[in-house]
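These protein sequence lines map, in sequence, to chains A, B, C and D.
In this text, residue positions in the first sequence follow the UniProt record's numbering: the first is 1, and each later residue adds one.
In this text, residue positions in the second sequence follow the UniProt record's numbering: the first is 1, and each later residue adds one.
In this text, residue positions in the third sequence follow the UniProt record's numbering: the first is 1, and each later residue adds one.
In this text, residue positions in the fourth sequence follow the UniProt record's numbering: the first is 1, and each later residue adds one.
Some hints could be false.
Unchecked claim - Heads up, incomplete: computed chain D residues facing chain C, CB under 8 angstroms, no partners named: (1) 196; (2) 284; (3) 295; (4) 297; (5) 301.
What the hints assert, rightly or not - These stretches of chain D come out as covered by chain C in the derived footprint (C-beta under 8 angstroms, 3 or more residues): (6) 161-174; (7) 179-193; (8) 197-205; (9) 217-227; (10) 237-246; (11) 273-282; (12) 303-316.
Said to hold, decoys possible - Simulated DEER-style distance windows between Cβ atoms: (13) B:216 / C:180: 40 to 50 angstroms; (14) A:116 / C:180: 32 to 42 angstroms; (15) D:39 / B:29: 49 to 59 angstroms; (16) A:2 / D:265: 22 to 32 angstroms; (17) D:265 / A:4: 26 to 36 angstroms; (18) A:40 / C:180: 27 to 37 angstroms; (19) B:45 / A:111: 58 to 68 angstroms; (20) B:260 / C:91: 42 to 52 angstroms; (21) B:45 / C:221: 35 to 45 angstroms; (22) C:130 / D:115: 50 to 60 angstroms.
Simulated from the structure, these hints should not be mistaken for laboratory data.
Even for Gly, the Cβ is constructed at its ideal location relative to N, Cα and C.
Number of protein chains: 4
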Amino acid sequence: MVVRAAVAGASGYAGGEVLRLLVGHPEVEIGAVTGNSNAGQLLGALQPHLLPLAGRVLEPTTAEVLAGHDVVFLALPHGQSAAVAAQLGDEALIVDMGADFRLADAADWEKFYGSPHAGTWPYGLPELPGARAALAGAKRIAVPGCYPTAVSLALFPAYAAGLVEPEAVITAASGTSGAGKAAKPHLLGSEVMGSMSPYGVGGGHRHTPEMIQNLSAAAGRRVSVSFTPTLAPMPRGILATCSAKAGPGVTAAELRAAYEKAYADEPFVHLLPEGQWPATAAVHGSNAVQIQIAYDESTHRLIAISAIDNLTKGTAGGAVQSMNIALGLPESTGLSTIGVAP
Amino acid sequence: MVVRAAVAGASGYAGGEVLRLLVGHPEVEIGAVTGNSNAGQLLGALQPHLLPLAGRVLEPTTAEVLAGHDVVFLALPHGQSAAVAAQLGDEALIVDMGADFRLADAADWEKFYGSPHAGTWPYGLPELPGARAALAGAKRIAVPGCYPTAVSLALFPAYAAGLVEPEAVITAASGTSGAGKAAKPHLLGSEVMGSMSPYGVGGGHRHTPEMIQNLSAAAGRRVSVSFTPTLAPMPRGILATCSAKAGPGVTAAELRAAYEKAYADEPFVHLLPEGQWPATAAVHGSNAVQIQIAYDESTHRLIAISAIDNLTKGTAGGAVQSMNIALGLPESTGLSTIGVAP
Amino acid sequence: MVVRAAVAGASGYAGGEVLRLLVGHPEVEIGAVTGNSNAGQLLGALQPHLLPLAGRVLEPTTAEVLAGHDVVFLALPHGQSAAVAAQLGDEALIVDMGADFRLADAADWEKFYGSPHAGTWPYGLPELPGARAALAGAKRIAVPGCYPTAVSLALFPAYAAGLVEPEAVITAASGTSGAGKAAKPHLLGSEVMGSMSPYGVGGGHRHTPEMIQNLSAAAGRRVSVSFTPTLAPMPRGILATCSAKAGPGVTAAELRAAYEKAYADEPFVHLLPEGQWPATAAVHGSNAVQIQIAYDESTHRLIAISAIDNLTKGTAGGAVQSMNIALGLPESTGLSTIGVAP
Amino acid sequence: MVVRAAVAGASGYAGGEVLRLLVGHPEVEIGAVTGNSNAGQLLGALQPHLLPLAGRVLEPTTAEVLAGHDVVFLALPHGQSAAVAAQLGDEALIVDMGADFRLADAADWEKFYGSPHAGTWPYGLPELPGARAALAGAKRIAVPGCYPTAVSLALFPAYAAGLVEPEAVITAASGTSGAGKAAKPHLLGSEVMGSMSPYGVGGGHRHTPEMIQNLSAAAGRRVSVSFTPTLAPMPRGILATCSAKAGPGVTAAELRAAYEKAYADEPFVHLLPEGQWPATAAVHGSNAVQIQIAYDESTHRLIAISAIDNLTKGTAGGAVQSMNIALGLPESTGLSTIGVAP
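Put together the whole structure using the sequences plus the hints.
The structure is reproduced here in structure tokens:
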């Protein structure tokens, strides 16, 4: 099987990462790579780590250029995917790494993004209950946000098993690549090295409704989420520290059993042995997820912590994993669970 | 006034930081600097940033060496301060930067430290209600832990004003100097750069009872604390993200008013203008504290975030601030509120 | 004595650093702080580490605003200082932290900067032979570039003593703040963390003629310089590795003696004890310079290595040091030799 | 073809990296993984990024354990490989990632390592003239040092073409993993973050004779090397800045032609397009080498700069590349030229 794939938005971090993975994917042949402001430039100048593609020239992001591929990955700014998708017809599988088609609730979308809701596509987090069935054979995939990936995997087993109360309190630290490649003063190396700082505090981060959607679906009732993202002095990685009150009488053993059951057969999610804690370095460049939980008896709370690479499992790796499912390929094809450490 | 000060444990990070501050303190003359395994070595080899003290030789940590000073700073491993203090008599002011005398509850001490309780000294966090009165003229000071400093300052105004429920959920990110200078594999630069990881999860961190003590005192009732510390890839700084449910009917305006009132006259604590968030880089090497709060109406929670330098306000700066109060000096003498940034 | 100082270009890194130092300078009162694109904004939003100045509002950089000060620090883009200086008259001391007045040779200026030469001002590197005499009472000071500061101090004693051949080969690593605060993609934290890269290779860096000027003056003959700057993943600091062939028959002892003599009485330059090597962390935020040399007998070369903080001794600290000399103040006033480490 | 490979010293950085690569090598099956102080522990606890091997238990490093493999990788402290190799017999291919068998000159070995010379094995830098022929079918391979890999590839084309003088001046910056995983205070994250520092200055670094050996062989005459290594605040990567005087009349075009010719068909060495410079981030985790050169006409010097990943091309990737040649596999099998960036 040869899958011909195009990548729109190839000069950014998400686009670069999906290309990094696709070069190593044994069933994929890379077709068009496109940009807008960078069209006409060599990929080698924009993404110097992608040596095998250094001689490729970025084409403009148009329907003509993207036509004729089996899969089209969209790594575009929010709000642009719908128009591109509409022009591409139904033949190609379209994998959107932006936010446009993640939320089922139009009101949520409009509140957090301030534009009309474009629709809802099958959600590309295969580990969630029912997700694989929705992805198999799909022609449209909405890749989850990086924070919702880390948070949903850390908490959904407890919610699905009915073991925790419907209020989650979450703090996550993200590497700077999560903020993209557009040059902004507060993202300069001089500013971020040696510094931790929060942003989007108080319920305003756009990934919050996506977490609520996932956890509520798992719980079968409305879950509220208090989410605080922080920027950490590292290029990649998310460490999500998630907490929820355990239900009456719930024990540490029940909590652990729920996670063991949820992840027993998952190829990418690794519940660590007791006593070992996740570290983002261990999943650097990998599609793996490290998870560990603790039950704090003094507060009767579950603390569930996950580490992912925000660009791999949190974006492009999750996209390829879902593509594999949609195309009927083995789910792990072209994806590694080995991090580049130290 | 000339205050003659000795520093015991001068080869570590806390000892080095207190020396850095004391060199610039206009009323202090530095007397003995001591170490144990490093006795006989030049300070210039162990703390090369302390250029004016480069020629000082470390003496052994004995009562003889420490005698005859007006102030003795102890930067010793937990459990060693009581014996040294007992030998020094009542003349000198002893400022303990270790944990030995922070906790009032002997059972808490024994549970978290596994040794007999040595006692309780006046607690060196001047911003807490009543603290300055207890420190004035004191001959013994227990310097708070770095995390309890950051967390207590972030949350006590809300508790003191009775505006939040008695369960706090806290995640804090600390620079690696908080783990000390003893060489351990997981603290190697190769391991920590590019990585975020948690430790002491689930209620086990020794600073937890100290936070509970401070917040309960402010609230006038028992506050429970779920505390998760994480290690961040930076040498200094703590960012504490603290959350508690607002009380019934409490508004954002009431919360902000409580913080404005608490910190209106504090020389080191700076409640940021609305819209601006703390960053550890801004307080690098400074005794300042940056605080910002948000009220999340969707979860009815207060999010209070503080940034400190763990070695300055979190350890040695707090120690000097409390020494100033004990000696009747202006509280800010020798302390800066300017960070070294970028 | 009260010196009233203005800072033009206060929103950038050089401007922020000179303000950091001036706040702590006992003889200085800070007057106008100006910017252009940022005029009207609060300094607290632009330089959040300068807590005591947080409420200051940036004024526009005009002659009216800058008039009436004893000292005016210019932290402006290259080419703008001459026009501002011309408008300020002769009363005020003008300290230019840009490049405009550093080079004596108009042809060098035009070759490297591509604009007409504005002139030459007394050069603010007091440690160079004759520099203090030229600075005393001066009304105009050209602050050296950061790399020329590090390189000139590493090599001039050997050249002044006639001990090395007139070809220097230099590689220097700089923290990212040397590249300024303007947001450019290659300076993003995501790009610089974990990466070392060179730039301006092959003789093209604008600081090269300034190094040649200083070393040639010390040697009394034309010195050639091969200079390669590299960008290091840290916010501050320069480590300059400088090498030159020792003259015929020159010994390690003669080399060391030359450095000991040159720096015996210098308050800021510290020739380290043999066996200890400079580290940029040791001079973080300090005006100190660490220097060490080695004689490689197998190649008969001198290796001289210096560490400075590019923003302090390399820019704003050097500026304040020269201001002190010009005004007749003790040279070290307001300047520290203690680094903020770890 | 199934190649059964053992790794001795699997708990360190070199051992971990060779395992990372071997897991993805399509012709290799991983046999014994051994350690000494860590024998009996789970690999998952020591190398948490190697998820597929997490359940493996470290065995002791003995001849019995290492017997019966097609290839044995030795990642042992210097001086231990000879004894292990002697016990293993001639059947297996032994790939030594230590220094023991790199140097041809026994006097050099004894001078720099202070122990008797163990011998000389075929040298695993395939890009050097004649190296592939020596490696084909070899049963013993000495993997080059990380610095000699970076430096030799940066300079040998100029020496082989007779275009530069026989004195090279080199400064290299290395990530901290080059210093190994043994916990030492100066390698703590608190010490290395934010700091650049040199070590082994003045001809003393053990990799110097290896560079001289390679460059002299290329030049056909004795080349002298002045080498200064520096420690950079990043976990991986080497940036080598190498300089040599161009020969009389040599032009920039001749230099470039020599590099283009040398690397035209090399799968891993990439001479960048003019105007683009190497960055270690671009080769993070990759076996690729980025090289760029400049001719500085004012000093008539060649500046040749290379970037490698010290653990991949500089150690374990180079080892696998040479193994492939020795076994008759395609040279690039299991090796990537794509870096993990940003």
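Status of the hints after comparison with the structure:
The criterion of a C-beta within 8 angstroms of any C-beta in chain C is met by residue 196 of chain D, whose closest approach is roughly 4 angstroms, and the hint holds. For the restraint placing residue 284 of chain D at the interface with chain C, the shortest Cβ-Cβ distance is roughly 7 angstroms, inside the 8 angstroms limit, so the hint holds. Taking 8 angstroms as the C-beta contact cut-off toward chain C, the hint placing residue 295 of chain D at the interface holds, the least distance being around 6 angstroms. Taking 8 angstroms as the C-beta contact cut-off toward chain C, the hint placing residue 297 of chain D at the interface holds, the least distance being around 7 angstroms.
The beta carbon of residue 301 of chain D is positioned within 8 angstroms of a beta carbon in chain C (closest approach about 5 angstroms), and the interface hint is therefore held. Given as covered by chain C, the region 161-174 of chain D passes the check, having 4 residues with a CB less than 8 angstroms from a CB of that chain where 3 are the minimum. Closer than 8 angstroms: that is the beta-carbon criterion, and the region 179-193 of chain D has 4 residues meeting it against chain C, so the requirement of 3 holds. Coverage of the region 197-205 of chain D by chain C holds [criterion: at least 3 residues with CB-CB distance below 8 angstroms; count 6].
With 3 residues carrying a beta carbon less than 8 angstroms from a beta carbon of chain C, the region 217-227 of chain D meets the three-residue requirement, and the given coverage holds. Coverage of the region 237-246 of chain D by chain C holds [criterion: at least 3 residues with CB-CB distance below 8 angstroms; count 4]. For the region 273-282 of chain D, the assignment as covered by chain C holds, since 6 residues bring a beta-carbon within under 8 angstroms of that chain's beta-carbons and 3 suffice. Counting residues of the region 303-316 of chain D whose C-beta lies closer than 8 angstroms to any C-beta of chain C gives 3; at least three are required, and the coverage claim holds.
Between residue 216 of chain B and residue 180 of chain C the C-beta distance comes to about 49 angstroms, which sits within the given range of 40 to 50 angstroms. In this structure the supplied range 32 to 42 angstroms holds for residue 116 of chain A paired with residue 180 of chain C, their Cβ-Cβ distance being about 41 angstroms. At roughly 54 angstroms, the beta-carbon separation of residue 39 of chain D and residue 29 of chain B lies within the given 49 to 59 angstroms, and the hint holds. A hinted range of 22 to 32 angstroms for the beta carbons of residue 2 of chain A and residue 265 of chain D is consistent with their spacing of about 27 angstroms.
Judged by the Cβ atoms, the range 26 to 36 angstroms given for residue 265 of chain D and residue 4 of chain A holds: they are separated by roughly 29 angstroms. Here the CB-CB span from residue 40 of chain A to residue 180 of chain C is close to 28 angstroms, well matched to the stated 27 to 37 angstroms. As the Cβ distance of residue 45 of chain B to residue 111 of chain A is approximately 60 angstroms, the hint placing it in 58 to 68 angstroms holds. Taken as a hint, the range 42 to 52 angstroms holds for the pair residue 260 of chain B and residue 91 of chain C, whose Cβ atoms sit roughly 43 angstroms apart.
Hint check: residue 45 of chain B to residue 221 of chain C, Cβ distance near 39 angstroms, so the stated range 35 to 45 angstroms holds. With their beta carbons about 53 angstroms apart, residue 130 of chain C and residue 115 of chain D fall inside the hinted range of 50 to 60 angstroms.
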